[in-house]
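Engineer: Residue numbers (our numbering): 7 to 447.
Everything labelled a hint here was simulated from the structure, so no lab data went into it.
The C-beta atom is built at its ideal place from N, Cα and C for all residues, glycine as well.
Careful: at least some of the hints might be erroneous.
[Claimed, not checked] Ranges of calculated distance between the beta carbons of each label pair, as one might list FRET restraints:
| no. | residue 1 | residue 2 | range |
| --- | --- | --- | --- |
| 1 | R10 | G213 | 18 to 26 Å |
| 2 | Q214 | L306 | 40 to 48 Å |
| 3 | G106 | S53 | 19 to 27 Å |
| 4 | A177 | G118 | 57 to 65 Å |
| 5 | R309 | D425 | 20 to 28 Å |
| 6 | T226 | R10 | 32 to 40 Å |
| 7 | D203 | L30 | 56 to 64 Å |
| 8 | V262 | S327 | 47 to 55 Å |
| 9 | T130 | T107 | 13 to 21 Å |
| 10 | K120 | E91 | 24 to 32 Å |
| 11 | A423 | G213 | 38 to 46 Å |
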Amino acid sequence: MSIRRRLLVLLMGSITLAWLLAALGAYVDTHREVDRLLDAHLAHVTSILTAQTSHELLELETGDLLEPGDYAQQASFQVWLGGTELILKSADAPGIRLSGTDAGFADSTAAGRKWRVFTAWDQTRSVLIEVAEEHAVRERIAARVAFNVLLPLGITLPLLGLLIWWSVSRALRPLDRLGEQLGARQAMALEPLDSRDIPSEAAPLVGQINDLFTRIRHSTDMERRFTADAAHELRKPVAAVRAQAEVARSTGDEAVRSKALDQVIHACDRMGVLMEQLLTLARLEQAPSMQLQAPQDLALIARNAIAELAPAALQNGIEISLETSGNSTVTGQAALLDMLVRNLVGNAIQHGKSDVQVGVEAAPEGVRLTVRDAGPGVSPADLAQLGERFFRGQATGAGSGLGLSIVRRIADLHRAALDFSSDVTGRGFVASATFPAGDRN
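Using the sequences provided together with the hints, build the complete structure.
Structural biologist: Structure representation (structure tokens):
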């Protein structure tokens with residue numbers, strides 16, 4: 007159901023319910039006031055009759071007792087001598103007592119009809135007078151008065167419905183224009199919506215939609231740059247494979263052919279690593295938040311990663327050491343934390359070309375992982391760009407510039423603070439990631 011229809015149903019339903027309650031209240035109040043008025047009329051007529059002498063009562067005509075008006079003919083009376091002998095009555099009054107009381111008001115049933123009766127004795131208590139009206143007459147009078155009161159309200163109810171419909175439609179017109187804006191947009195039109203004349207209740211929604219457009223535009227720009235950079239980066243090893251394959255095909259020297267094929271294999275391995283890194287980074291970029299988080303021992307994860315990387319490092323004369331102290335429990339995913347450690351240590355081995363020191367220690371902010379090497383370091387200009395996709399700065403050798411991008415994304419997912427620095431002398435490189443402390447159970 008649309009907002010317009012929902013508002014109209016709720017408003018018209020509420021107004022109709024209020025109108026019915028008002029009608030019921032008006033009818034009950036009118037009925038009560040009519041009863042009071044007619045009771046007073048009965049008492050007045052009775053007082054006139056009790057003021058007459060017996061001779062005057064016998065000569066009295068019914069019309070002499072009733073005031074002219076719409077309801078004059080509806081009053082009935084009886085005059086009883088001693089309360090037992092009927093000596094006078096109106097034409098529509100029954101021949102039996104209207105009520106069993108000797109004074110005051112009473113509701114009774116006589117001759118199959120319901121009556122409202124007022125009974126009084128004359129001053130000598132020799133004549134009993136009863137004046138009555140039928141309840142049906144009173145109901146008709148009350149219904150007529152209530153109808154006359156409620157008729158204007160009944161006429162104005164449809165007019166009020168039209169006014170509500172017009173008001174709701176006018177109030178929702180800005181939302182209609184907003185829907186027209188969205189409906190007329192092309193798929194990639196991500197400009198902010200026009201928020202002028204938007205009701206204050208809808209302003210947060212428009213703001214969130216504009217924020218979503220901004221994030222989508224930012225994500226689209228990043229994907230576009232990522233695709234372009236990936237295509238550019240893949241072009242190099244593909245060209246190298248083609249060049250070496252042509253050398254291997256055209257040469258007759260077995261040694262040259264063997265070397266060219268080795269280069270082809272090396273280029274294929276590089277493309278395989280690059281593709282794996284691209285897929286990893288794409289999966290991490292699609293992860294909006296961490297799921298299946300659990301307490302993890304960062305020192306144990308670092309120890310296992312180093313144990314697997316150490317043999318290859320030792321073959322190149324590089325030693326990896328690990329120092330731990332204090333609490334090392336963080337909250338996260340073991341596989342991603344392992345990937346982070348491997349990338350940092352592998353980066354230090356590849357570019358530092360020196361012994362690597364890994365530390366896991368408790369810090370005031372939580373748990374800090376530090377990877378340090380004594381290599382050539384990184385210039386201040388390159389430090390600010392580390393972690394950007396495909397950025398390699400002045401680094402030499404194999405590499406695609408994606409390792410630290412993966413590290414930065416994993417750190418973001420774990421709400422860890424990532425920092426890169428070099429010694430003031432320009433030697434050595436330090437990468438640190440500070441994680442919020444996890445459960446210490």
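Engineer: Hints first: check each against the structure and report whether it holds.
Structural biologist: Here is what the structure says about each hint:
no. : hint                    : result
1   : R10 - G213: 18 to 26 Å  : holds (23 Å)
2   : Q214 - L306: 40 to 48 Å : holds (42 Å)
3   : G106 - S53: 19 to 27 Å  : holds (21 Å)
4   : A177 - G118: 57 to 65 Å : holds (60 Å)
5   : R309 - D425: 20 to 28 Å : holds (22 Å)
6   : T226 - R10: 32 to 40 Å  : holds (34 Å)
7   : D203 - L30: 56 to 64 Å  : violated (43 Å)
8   : V262 - S327: 47 to 55 Å : violated (43 Å)
9   : T130 - T107: 13 to 21 Å : holds (20 Å)
10  : K120 - E91: 24 to 32 Å  : holds (25 Å)
11  : A423 - G213: 38 to 46 Å : violated (29 Å)
Hints 7, 8, 11 from the list above are not met by this structure, while the remaining hints are.
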